[in-house]
Amino acid sequence: MSALLAQAEFVRPPIDWHAAAPELTLLAFGALLTMMDIGWLERGRRAAAPMASIALLATMIPILTLAADGADRSMFNGAFVVDNYSLIMKAMFVLAGYVVVLLSTNYIAEGDYWENEYYGLLLSSILGMVLMASARDLITIFVALELLSIPAYMLATWRKRDLKSNEAGLKYYLMGVFASAVMLYGMSLLYGSTGSTLLTDIGAVLDTGADPTAVVVLGIIFVVVGFAFKVSAVPFHTWAPDTYEGAPTPVTAFLSVASKAAGFVALMNILFVGLLGRDDVVEPLMWVLAAASMTVGNLVALRQTNIVRMLAYSGVAQAGYMLAPLAVIGDVPDTALGAVVTYLVIYAAMNLGAFAVVIAAARKTRSAEIGDFRGLFHYAPGLTVAMTIFLFSLAGIPPLGGWFAKFRVIEALIDANNASGVALGVVVAVNSVIALYYYARIGLGMWAEEAPDGDLSRVDVPPSLVAAIGLTAIVTIIFGLGLVVGDFTDVSLLPTGI
Amino acid sequence: MLGQYLPLLALFAVAALFAAGSFVASGLFAPRNPSAAKQAPYECGIVPTKETPERFPVRFFLVAMIFIVFDIEIIFFYPWAVAQGGLGIFGLVLIMVFSFAVFESFVYLIGNGALEWGPLKQTAPPSGITSPERTTQTTIRRVGLEDRGPARGDDAEEAA
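Sequence order for the protein chains is A and B.
Sequential numbering from 1 applies to the first sequence in the numbering used here.
Sequential numbering from 1 applies to the second sequence in the numbering used here.
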């Protein structure tokens, strides 16, 4: 013991404060938010939502300065990396969080829910996501995952007097910890067979091909299954519809966009940096997950009568589209990564937008049944136009963002130039046609039918919701016109890229 | 190589045998003289006088949370204290940042009345209408849209 102590001379690890600035900003504002609650009580409660918005916008500053600087940074032996890819994902998480704050402002205040705690937990969850974008080490990834998941379990139960919300939180929690346990077991197997938790080291060991043991394969499968729960891929999606329906709608938007994207970011970090040497295992696994998620998600969504449940199943199907490029990571890694990143960013905009319209319309209809959206055009034409944009974008109709995202996915699959890639491309195309039916059915009801109760009084849409819908609609449209493309496809996680 | 797990397997077998044996022995040899007192639910040896109340004070949970807060602080303090000579100023600053974070959660708990004991106050009006007041005496507040009249919505419209 004493010999060990004598050997381990402590060397202060070099810390790049600029690289860690986004995380530190979020952390400091989160602590401040909690202190406000203790010190000011009711006054602090009123200031909670503006404070959370300021926190998220302030976090954008270091992200933008890091992007302007342009240099790739690495800390803690490569466990924490800031590069082009991680900055894009960080900005997406922070901006998605900002839109969720906009969605929450009236919902949480008018429902008389706990406010400071709500925004504190939201910031904490976003902190986990921002950290996840930089994590290149199994332990860092796990810590980031728990940091983003545990507040989300609590947020899902925020309507605590509602049994459905309790059910939502409990199901999400139980499935989440189960997935964490499975994933940790997989990580322990990877660590045991490669001798390192650093993804680059794991990648180096696997690249040599010296140790093609079944243990590594089992570890890969368990890790992938753990994240498949997080991104709600079939057959690990069963928690999603119940959780989405029961949770407060802004939280549902947060879970279906930010939390799902965080799962994808973690999955991509592990697959591209660590497991690219075993693409013989990863590719078939991803192929099956992607094809099953698309097909089951779309077919079940056809029969939904509640719009939130329909969006949940549509989210499962969208996760399938995003998993599809990962089925060809061994053939065209950079193209596949660019396709997933592009899809994640566009999906965030259009799905948050769809939820924003649902929240705005539900302020009048007090329900999320699809039937109650009939005749929306007659009393809320603006909301109807916005919802149509988001739904058609989700369906992938040009010239909207969703079309461009699907185009990148299919392009990556064709680029792989092999039978499995082309076959999956066909599955994507067929599923897009199926999906159009249930998206267009809502659109048709909104435009062509009469309001169910003949009540044509206008919907009172608060300014924060108008801002959220406007922001997401603009992003959805400019992506579809192909105005901001280069940065999102110019990403790489390959060793030469770092 | 797997031979080293043999004792573990034997332990499992012994445990299973013991559990099964206990069940069988209890079924065979235990005397059965049931009476009303024996079949009643056991509650601290006192005869139950009323149904279990619907709401428990959450204070016990909050005390447990305070315990966990300090538990975690100790877990991180101990290795730091052992190695602090080598860690120097850097370690000292980091542990101070850490203890600030831990202390903040403690202050949050105290600020929300986790340690305020005393006679239990009637926290919710009998009608079940939401009370937006939060006093230092209670952390319990009713939430949700149910049972709420249109009063707030009307206020909002007047303000707008």
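FYI, nobody ran anything at the bench for these hints, they're computed from the structure.
Keep in mind it's a predicted model, so treat the numbers as computed, not measured.
Cβ coordinates follow ideal geometry from the N, Cα and C atoms, glycine included.
Treat the hints with care, as some may be off.
Cβ-Cβ distance ranges computed for the label pairs, FRET-style [what the hints assert, rightly or not]: (1) F98/B to V11/A: 49 to 59 Å; (2) A16/B to L218/A: 25 to 35 Å; (3) A16/B to D16/A: 28 to 38 Å; (4) V102/B to L163/A: 50 to 60 Å.
Away from chain B, derived, C-beta distances all over 12 Å, residues of chain A [claimed, not checked]: (5) E117; (6) G120; (7) T213; (8) I370; (9) V430.
Going through the hints against the structure:
1. F98/B to V11/A: 49 to 59 Å: violated, 20 Å
2. A16/B to L218/A: 25 to 35 Å: holds, 27 Å
3. A16/B to D16/A: 28 to 38 Å: violated, 56 Å
4. V102/B to L163/A: 50 to 60 Å: violated, 35 Å
5. E117: It is violated; E117/A is separated from chain B by about 9 Å at its closest Cβ, not greater than 12 Å.
6. G120: violated, 9 Å
7. T213: holds, 14 Å
8. I370: At about 21 Å from chain B, I370/A clears the 12 Å cut-off, so the statement holds.
9. V430: Holds: least Cβ distance 42 Å, greater than 12 Å.
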